[in-house]
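Work out the full structure, taking the sequences as your base and the hints as a guide.
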Amino acid sequence: QRSSNELYLRCQEFGCEQSLLSRPDGSASFVQGDTSVMAGVYGPAEVKVSKEIYDRATLEVLVQPKVGLPSVRERSQEQCVRETCEASLLLTLHPRSSLTLILQVLHDDGSLLSCCLNAACMALMDAGLPMSCLFCGVTCAISTDGQIITDPTAAQEKESRALMTFAIDSAKHSVLMSSTKGSFSVHELQQCIAVSQKASEKIFQFYRDSVKRRYSKSL
Amino acid sequence: MFSTVRERVGEVLLPGDEFSFEAEEKISLTAPVKSEKVVCGPGLRRCGDRLVVFKSGVLRHKEPNVFWIDSQQRRYVPAKGESIIGIVTAKSGDVFKVDFGGSEQASLSYLTFEGATKRNRPNVQVGDLVFAQFLIANKDMEPELVCIDSSGRANGMGVFGAGGLLFRVSLGLVRRLLAPHSDIRSDLEQLFPCELVVGMNGRIWVKSATVQQTLIIANLLQSAETMTAQQRQQLFRKVQQGAF
Numbered sequence: 001q002r003s004s005n006e007l008y009l010r011c012q013e014f015g016c017e018q019s020l021l022s023r024p025d026g027s028a029s030f031v032q033g034d035t036s037v038m039a040g041v042y043g044p045a046e047v048k049v050s051k052e053i054y055d056r057a058t059l060e061v062l063v064q065p066k067v068g069l070p071s072v073r074e075r076s077q078e079q080c081v082r083e084t085c086e087a088s089l090l091l092t093l094h095p096r097s098s099l100t101l102i103l104q105v106l107h108d109d110g111s112l113l114s115c116c117l118n119a120a121c122m123a124l125m126d127a128g129l130p131m132s133c134l135f136c137g138v139t140c141a142i143s144t145d146g147q148i149i150t151d152p153t154a155a156q157e158k159e160s161r162a163l164m165t166f167a168i169d170s171a172k173h174s175v176l177m178s179s180t181k182g183s184f185s186v187h188e189l190q191q192c193i194a195v196s197q198k199a200s201e202k203i204f205q206f207y208r209d210s211v212k213r214r215y216s217k218s219l
Numbered sequence: 001m002f003s004t005v006r007e008r009v010g011e012v013l014l015p016g017d018e019f020s021f022e023a024e025e026k027i028s029l030t031a032p033v034k035s036e037k038v039v040c041g042p043g044l045r046r047c048g049d050r051l052v053v054f055k056s057g058v059l060r061h062k063e064p065n066v067f068w069i070d071s072q073q074r075r076y077v078p079a080k081g082e083s084i085i086g087i088v089t090a091k092s093g094d095v096f097k098v099d100f101g102g103s104e105q106a107s108l109s110y111l112t113f114e115g116a117t118k119r120n121r122p123n124v125q126v127g128d129l130v131f132a133q134f135l136i137a138n139k140d141m142e143p144e145l146v147c148i149d150s151s152g153r154a155n156g157m158g159v160f161g162a163g164g165l166l167f168r169v170s171l172g173l174v175r176r177l178l179a180p181h182s183d184i185r186s187d188l189e190q191l192f193p194c195e196l197v198v199g200m201n202g203r204i205w206v207k208s209a210t211v212q213q214t215l216i217i218a219n220l221l222q223s224a225e226t227m228t229a230q231q232r233q234q235l236f237r238k239v240q241q242g243a244f
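Chains as they are written, first to last, in the UniProt record's numbering: chain E, 1 to 219; chain V, 1 to 244.
Hints are computed from structural coordinates only; laboratory data are not their basis.
Quantities reported herein were computed from a predicted structural model and do not represent experimental measurements.
The beta carbon of each residue, even a glycine, is placed where N, CA and C say it ideally should be.
Take the hints with a grain of salt, since some may be wrong.
Unchecked claim - Think about it this way: if two alpha-carbon atoms lie no more than 20 Å apart in a straight line, the pair counts; the simulated DMTMM-like pairs of lysine to aspartate or glutamate are:
1) V:K139 - E:E17
2) V:K97 - V:E82
3) V:K139 - E:D55
Said to hold, decoys possible - Counterexamples of contact, computed for chain E against chain V with all Cβ distances above 10 Å:
4) G15
5) S36
6) L69
7) R73
8) A87
9) V105
10) L134
11) S178
12) A194
13) K212
Structure (structure tokens):
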């Protein structure tokens, strides 16, 4: 039995690899427990005149599910990821260009949106796109007896009464995006945000270690 | 702030890391105050009174006060004065459209070749390779290329001859090849004689005596990206011994 304030990150099994695809300008794969997502970034590239914005880059996000064609659920995930990326990328440095981010779901065992956000951030860093801060995704589930579980598995998500995903930024640890489902009180929401902000520090430290390992060959 | 930045030279930094003036820095009222100047290169920008990192990479320093982030990237963003290899895609009126791998195509006027006049046009066709440098390259305007330098001479720029092989590498490898005392270049010189043109947009053109030698050099350069210095020298030695 865990108390509702205890922080538990699923198995701390984070895995990440950068520059694994040869065609895209930046790519990364992020593994959280059994959930794994691969991201590819193209840009800044040519943009169609109908989609160009005169003072900023146009960001397009595509989420491809493991099986089947993208549906309404993928569209809402794309909107969440796009809003987070637009908040942290310096889009005004590349006006009239397009940035394309493609996320391929390799395996879904819960916490999919936060895994997508983490893979997206690593791929954007790998592509060398200018960013004002990093971001990470943390998922919290509230079980029927009020416990807060971070990074729930698919089984835990099914039995929970509320599921929330937050995108946290690295500069001020503020919430960039939130996506919630289920019923919960205001107090529980604030507790979940606090728990997510604490969990995000571990994820940012993991980013730092991964990037250090990547540049260790050239140092 | 100069000392805090100087301390972290050689470290791997991530976007969002910042350097700011410390509150304890005191200015002496009696001794003369030296004004500190920090010049930011690629990867660093000024945000108010802080210095913020916006690309991930290693912080490098050059005397006396230049700092920049050395990052690995594949996509080229044009900068004024850099020389690149471009492919001519269209001829519209007096101007050629050149694709250099960026977000839009650059324009190259036919008068910017050595010895070109309105009557004496340069012999450039669609599909040719050109080695040119950027005259105008900022984020708001269409980039412009020229094939002459400021004194009106070609200086190695212009249209390529026939033959040779064009291939893509990462921008980091290109910078390593163009560095003043590059060890990759000195290793390559000991192999076989070849003609090598390196464009800062990540494109390299190689021409050697036979097709086989050309392909060997292209493969060696592409694989040198991910190797350490020792692995690379081992590979070059192996090729030299088994060379045709």
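For this session: Could you let me know if the closest chain V CB is still more than 10 Å away from the CB of K212 (chain E)?
Result: violated (5 Å)
For this session: Please settle this one: L134 (chain E) was flagged as non-interface, so is its CB more than 10 Å from every CB on chain V?
Result: It is violated; L134 (chain E) is separated from chain V by about 5 Å at its closest Cβ, not greater than 10 Å.
Exercise. Far enough from chain V: is every CB of that chain over 10 Å from the CB of R73 (chain E)?
Worked result: holds (30 Å)
Exercise. Non-interface claim for L69 (chain E): all C-beta distances to chain V beyond 10 Å?
Worked result: holds (29 Å)
Exercise. Are all beta-carbon distances from S36 (chain E) to chain V longer than 10 Å?
Worked result: Given a closest Cβ separation of 22 Å, the condition holds.
Exercise. Are all C-beta atoms of chain V more than 10 Å from that of A87 (chain E)?
Worked result: It holds; A87 (chain E) is separated from chain V by about 12 Å at its closest Cβ, greater than 10 Å.
Exercise. Does the no-contact call for A194 (chain E) survive, Cβ to all of chain V over 10 Å?
Worked result: Given a closest Cβ separation of 21 Å, the condition holds.
Exercise. Are all C-beta atoms of chain V more than 10 Å from that of S178 (chain E)?
Worked result: Holds: least Cβ distance 20 Å, greater than 10 Å.
Problem set entry | Minimum Cβ-Cβ distance from G15 (chain E) to chain V exceeds 10 Å | Non-interface label stands for G15 (chain E): nearest chain V Cβ at 19 Å, farther than 10 Å.
Exercise. Between K139 (chain V) and D55 (chain E), does the CA-CA distance stay at or below 20 Å?
Worked result: With a Cα-Cα distance of about 9 Å, the restraint between K139 (chain V) and D55 (chain E) holds, given a limit of 20 Å.
Problem set entry | Satisfaction of hint between E82 (chain V) and K97 (chain V), Cα-Cα up to 20 Å | holds (18 Å)
For this session: Determine whether the non-interface label on V105 (chain E) survives the test: each CB of chain V must be over 10 Å from its CB.
Result: At roughly 24 Å from the nearest Cβ of chain V, V105 (chain E) sits farther out than 10 Å, so the non-interface label holds.
Hint violations for this structure: numbers 1, 10, 13, all remaining hints satisfied.
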